[in-house]
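Engineer: Sequence:
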Amino acid sequence: MLQTPYCVDFLLHNGAFSTQKATAMSTEKISAILNTRMQLGECPIWHPQEAALYWIDIDGRAVHRFDPASKAHRHWPMPSEPGCIAINATGGLIVALRSGLELLDTDSGQLSMIAAAPYDPETTRFNDGRCDAAGRLWIGTIYEPRTHPDAALFCIEHAAIRDSGKRATVSNGVAFSPDNKTLYHADTTSHQIRAYEYDLTKGTLGNSRVLKQFSTDKLNNYGGRPDGAAVDSEGAYWCAMYEGGRLLRLSPDGDVLNEITLPVRCPTMMAFGGEDLRTLYITTVSKNRPAAELEQYPLSGCVLSLQVDVPGLAEHAYRP
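Just remember that our numbering sits 224 ahead of the position in the sequence shown, which is counted from 1.
Read the hints as simulated data drawn from the structure, not as lab findings. Heads up, a few of these hints could be off.
[Unchecked claim] In the DSSO-like style, the derived pairs of lysine-lysine whose C-alpha atoms are separated by at most 30 angstroms in a straight line are: (1) 295 - 442; (2) 426 - 390; (3) 426 - 405; (4) 442 - 511; (5) 253 - 511; (6) 442 - 253; (7) 426 - 442.
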């Protein structure tokens, strides 16, 4: 448990906190929703019917739920690492475990198998994913040796898994434009985000372009690498910059519209929540981070929140 205030006002400056007003960057009010660290927090999802936030702790092997109104926190232990979750249209959650896709009954806590993993679980597991407006679940994988791009992007439709043919080393950042004509996808290892033409009716990908290529030079002006993402109601792509201590809001052309500094080095993903979808929830990491970093950034591993001006988009549910 953390012995630290829940709320800070900050500006990241030369690796330390400052209370000065921002110029090029904005100063935001950040809150940790729980005084509890995740090992590898990921995949926050706002459930509009329940008015609650769900997320996962991958290395902690658990699915979590938080009710902002009552402050009630629940969690469900998992038999293997969850890579992402999705709302299930008929109730419960879809959980993409290393071993395969499962349906979690959030009332009983019981899991039931939907589909076995389409890869070798000795070297690969499910990672970031998101549902499209037709109820398909798009999930990427992570190739854990990270020696070459042997991870894939899969589409799950009515329990059938198909390979899109797109490869990465660490698949991340799956998100859709408001008009459902673009699918965004990042390869964290190559520090690149791509935008694909998307046919919602057929569930197929078309031509692609590089939305943003970030520097891979960790010795000079390293700003982190793209991890999880979300798209807001204006069509801007929000990206968590792992090891960069910041969130970027990108235009559909890849221009940086806004940059928000964070009191952690390793944000992983964000979700828009609250009744007006203007609360941005951010998952973060504590596992395998240097002790000095955890001391400097005591909110590492916490789920953070802040208020934004532009609302997000409601998450789509998986349709069995």
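Engineer: Now tell me if each hint is right for this structure.
Structural biologist: Verification of the hints:
1. 295 - 442: violated (40 angstroms)
2. 426 - 390: holds (17 angstroms)
3. 426 - 405: holds (12 angstroms)
4. 442 - 511: holds (20 angstroms)
5. 253 - 511: Measuring from Cα to Cα gives roughly 25 angstroms; hence the hint holds.
6. 442 - 253: holds (29 angstroms)
7. 426 - 442: violated (40 angstroms)
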